[in-house]
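Residues per chain, in single letters:
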Amino acid sequence: MDSKSSACSSPNPNPTLGPSKLMLAFRFLRALSLVRRTTPASSRTCRGRRIERAAYASMAYTAGASRAWSRAVLRRLHHRARRRAVAPRRLSTTAGNRAEALRRLVPGGGGMDYCTLLEETADYIKCLSMQVELMQGIVDSASSYGP
Amino acid sequence: MQHGSREVRGGMAASALHDDHGPQQIQNPGLHDDFFDQMLSGLPSAWPDLGNPKSPWDASAAQKLFRIDLAGKPPDESQPEAATEGLRYASYDEATMLASRLSQSQGSGGSSPTGEAMMLQLNNHHILPAVGLSRTAVGGGVGESGLLPLPLTLGSCGAADPRIIVETPRDEMDPPFESPDHNGGEELYNGLGGSIRAAQPGTGQHFHHPQQGASMSSQNYGGAAAPAGVGQGPAASASSGGGTPPQKQKVRARRGQATDPHSIAERLRRERIAERMKALQELVPNGNKTDKASMLDEIIDYVKFLQLQVKVLSMSRLGGAAAVAPLVADVSTEGPGGRAGANGAAAGGNNDSLRATEHRVAKMMEEDMGSAMQYLQGKGLCLMPISLASAISSAACRPSAGGLVPAPPAPPTSAAAAAAESPAASSSASALTVQSAAADATAPKR
Numbered sequence: 001m002d003s004k005s006s007a008c009s010s011p012n013p014n015p016t017l018g019p020s021k022l023m024l025a026f027r028f029l030r031a032l033s034l035v036r037r038t039t040p041a042s043s044r045t046c047r048g049r050r051i052e053r054a055a056y057a058s059m060a061y062t063a064g065a066s067r068a069w070s071r072a073v074l075r076r077l078h079h080r081a082r083r084r085a086v087a088p089r090r091l092s093t094t095a096g097n098r099a100e101a102l103r104r105l106v107p108g109g110g111g112m113d114y115c116t117l118l119e120e121t122a123d124y125i126k127c128l129s130m131q132v133e134l135m136q137g138i139v140d141s142a143s144s145y146g147p
Numbered sequence: 001m002q003h004g005s006r007e008v009r010g011g012m013a014a015s016a017l018h019d020d021h022g023p024q025q026i027q028n029p030g031l032h033d034d035f036f037d038q039m040l041s042g043l044p045s046a047w048p049d050l051g052n053p054k055s056p057w058d059a060s061a062a063q064k065l066f067r068i069d070l071a072g073k074p075p076d077e078s079q080p081e082a083a084t085e086g087l088r089y090a091s092y093d094e095a096t097m098l099a100s101r102l103s104q105s106q107g108s109g110g111s112s113p114t115g116e117a118m119m120l121q122l123n124n125h126h127i128l129p130a131v132g133l134s135r136t137a138v139g140g141g142v143g144e145s146g147l148l149p150l151p152l153t154l155g156s157c158g159a160a161d162p163r164i165i166v167e168t169p170r171d172e173m174d175p176p177f178e179s180p181d182h183n184g185g186e187e188l189y190n191g192l193g194g195s196i197r198a199a200q201p202g203t204g205q206h207f208h209h210p211q212q213g214a215s216m217s218s219q220n221y222g223g224a225a226a227p228a229g230v231g232q233g234p235a236a237s238a239s240s241g242g243g244t245p246p247q248k249q250k251v252r253a254r255r256g257q258a259t260d261p262h263s264i265a266e267r268l269r270r271e272r273i274a275e276r277m278k279a280l281q282e283l284v285p286n287g288n289k290t291d292k293a294s295m296l297d298e299i300i301d302y303v304k305f306l307q308l309q310v311k312v313l314s315m316s317r318l319g320g321a322a323a324v325a326p327l328v329a330d331v332s333t334e335g336p337g338g339r340a341g342a343n344g345a346a347a348g349g350n351n352d353s354l355r356a357t358e359h360r361v362a363k364m365m366e367e368d369m370g371s372a373m374q375y376l377q378g379k380g381l382c383l384m385p386i387s388l389a390s391a392i393s394s395a396a397c398r399p400s401a402g403g404l405v406p407a408p409p410a411p412p413t414s415a416a417a418a419a420a421e422s423p424a425a426s427s428s429a430s431a432l433t434v435q436s437a438a439a440d441a442t443a444p445k446r
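Here the protein sequences line up with chains A and B, keeping their order.
Okay, so the first sequence: first residue is 1 according to UniProt numbering, each after it adds one.
Okay, so the second sequence: first residue is 1 according to UniProt numbering, each after it adds one.
Looking at chain A on its own, in the form it has when it is part of the complex (with noise of 0.2 Å):
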């Protein structure tokens, strides 16, 4: 998405205290009244994938780019903006190897040793907690308007 990929990424103000809510807050907003605008309201499925993307890149815009894993989700949605290959991976836990689940889930992921791996992997559940609880409160706050 070109569209997105307009977004500035400004430098995280604290980066000792993480991600901050209110950068995502706006960020995500910008994206989605972005998203809102430009998709034709038919195909609902296409917006749905459009917000979801938007979703992750206002994670990783807020998430800097001292991340490994938000270098990566940047990455694969230029890489995708260009070739518009859109390939959701179906993700399953071998018994065997948890290590290797983890990479394939964690963006990035593939190239770290273990005691990276494990790093970016708090930092991921961080700013996907933090989203999920944004897109969370605008739904219920939209919900709210209902009769």
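Treat the hints with care, since some could be wrong.
[Said to hold, decoys possible] Each computed DSBU-like pair below joins lysine-lysine, with the alpha-carbon atoms no more than 30 Å apart: (1) B:K289 to B:K311; (2) B:K278 to B:K304; (3) A:K126 to B:K278; (4) B:K379 to B:K363; (5) B:K289 to B:K278; (6) B:K292 to B:K278; (7) B:K292 to B:K311; (8) B:K363 to A:K21; (9) A:K126 to B:K304; (10) B:K363 to B:K311; (11) B:K304 to B:K292; (12) B:K289 to A:K126; (13) B:K379 to A:K126; (14) B:K304 to B:K289; (15) A:K21 to B:K304; (16) B:K292 to A:K126; (17) A:K21 to A:K126; (18) B:K311 to A:K21; (19) A:K126 to B:K311.
No lab work stands behind these hints, which were simulated from the structure alone.
Since chain A is already given, all that's left is putting chain B on it; use the hints.
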């Protein structure tokens, strides 16, 4: 200490016993064989008593020498005594020459006291490697004669020297000195002899380098203290077997303290992984699993769950189209840096007439509900069902002179949502019209 002297005596006795065992006769303390003469002729410095085969080389003299060093005197102190015995070396090079001569006289077998006396002197000069080498040469020479008991005792005799004379850090050298005597003494000896010859012009460092073709025990000679190599010294001797177990225990104790760089790195890595796992435990709900594998499973499941939640929430957002707009407008005004959208909307129609606003909003609603909502919000307006609008207007009673009724945040949003949910744009338009009509005290219903 007594042990050393006992060994010496035993060595002497054995040599006497084995005198007739082979062509190579072991010298008794008398030492009047051709080898000894060779040695004496090669001595640069004066060994007055050595010229006399009998004098310093009897057991008593040797014992005295041993006892001197057994008492723990520094080598320098024992030197005067040795000097009186006539055992004095001028320089290290002379010692190497002597050692080479020892190796040369392999066939005749070395005389133990000679070798030991030389070793004493060498030790006095702190040339430990030469000691070992010379002793090995002696031992090798003797060993190859096939008289095993003698080499054994010789070995132990020799072991007494470094243990006693060199004292503290050489404790570990006991077994190495014992072991190599019997193990193919020849090749060891040859290797050492070759290296000795090669090292002749050099300094002591040459002895420290591991010799080519030499076994591990020679390396022990070369090194200052090689506890690791000790236990691995060529086996096959009872004395060495007795010596190695205490050696191995020392090695094990050291390794248990994790001085090995690999184990230290491993420990650091494990500690870091444990730290990260603890941090993850706090993040993941139900992360009180003690088992690492189940903890990893929990982490994986939680990541999968979060990713699924993102997907589901992004899909569900499709329905509440207009609901997001007010929020977006709010955030845009409050967000850092402000929003062009809100500003544009605000600047858009503050002073326009109501009708123009209506038309404008109606047009915007056809394009995009969100921007229309944004526009209204910027103006402080909202959409509401007509029924509600009429109810409010009747409750408000007095129509204000001009302007629009500013809508309180909570009901207007629900009204907007309700209006948005109505399929026809006209009804929402009529709601707006109603509102403006209510403000104007007119009710143009469509």
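Here is what the structure says about each hint:
no.: 1; hint: B:K289 to B:K311; in the structure: 28 Å, holds
no.: 2; hint: B:K278 to B:K304; in the structure: 20 Å, holds
no.: 3; hint: A:K126 to B:K278; in the structure: 14 Å, holds
no.: 4; hint: B:K379 to B:K363; in the structure: 16 Å, holds
no.: 5; hint: B:K289 to B:K278; in the structure: 11 Å, holds
no.: 6; hint: B:K292 to B:K278; in the structure: 10 Å, holds
no.: 7; hint: B:K292 to B:K311; in the structure: 29 Å, holds
no.: 8; hint: B:K363 to A:K21; in the structure: 36 Å, violated
no.: 9; hint: A:K126 to B:K304; in the structure: 13 Å, holds
no.: 10; hint: B:K363 to B:K311; in the structure: 33 Å, violated
no.: 11; hint: B:K304 to B:K292; in the structure: 18 Å, holds
no.: 12; hint: B:K289 to A:K126; in the structure: 20 Å, holds
no.: 13; hint: B:K379 to A:K126; in the structure: 38 Å, violated
no.: 14; hint: B:K304 to B:K289; in the structure: 18 Å, holds
no.: 15; hint: A:K21 to B:K304; in the structure: 21 Å, holds
no.: 16; hint: B:K292 to A:K126; in the structure: 20 Å, holds
no.: 17; hint: A:K21 to A:K126; in the structure: 11 Å, holds
no.: 18; hint: B:K311 to A:K21; in the structure: 19 Å, holds
no.: 19; hint: A:K126 to B:K311; in the structure: 17 Å, holds
The structure shown violates the earlier hints numbered 8, 10, 13.
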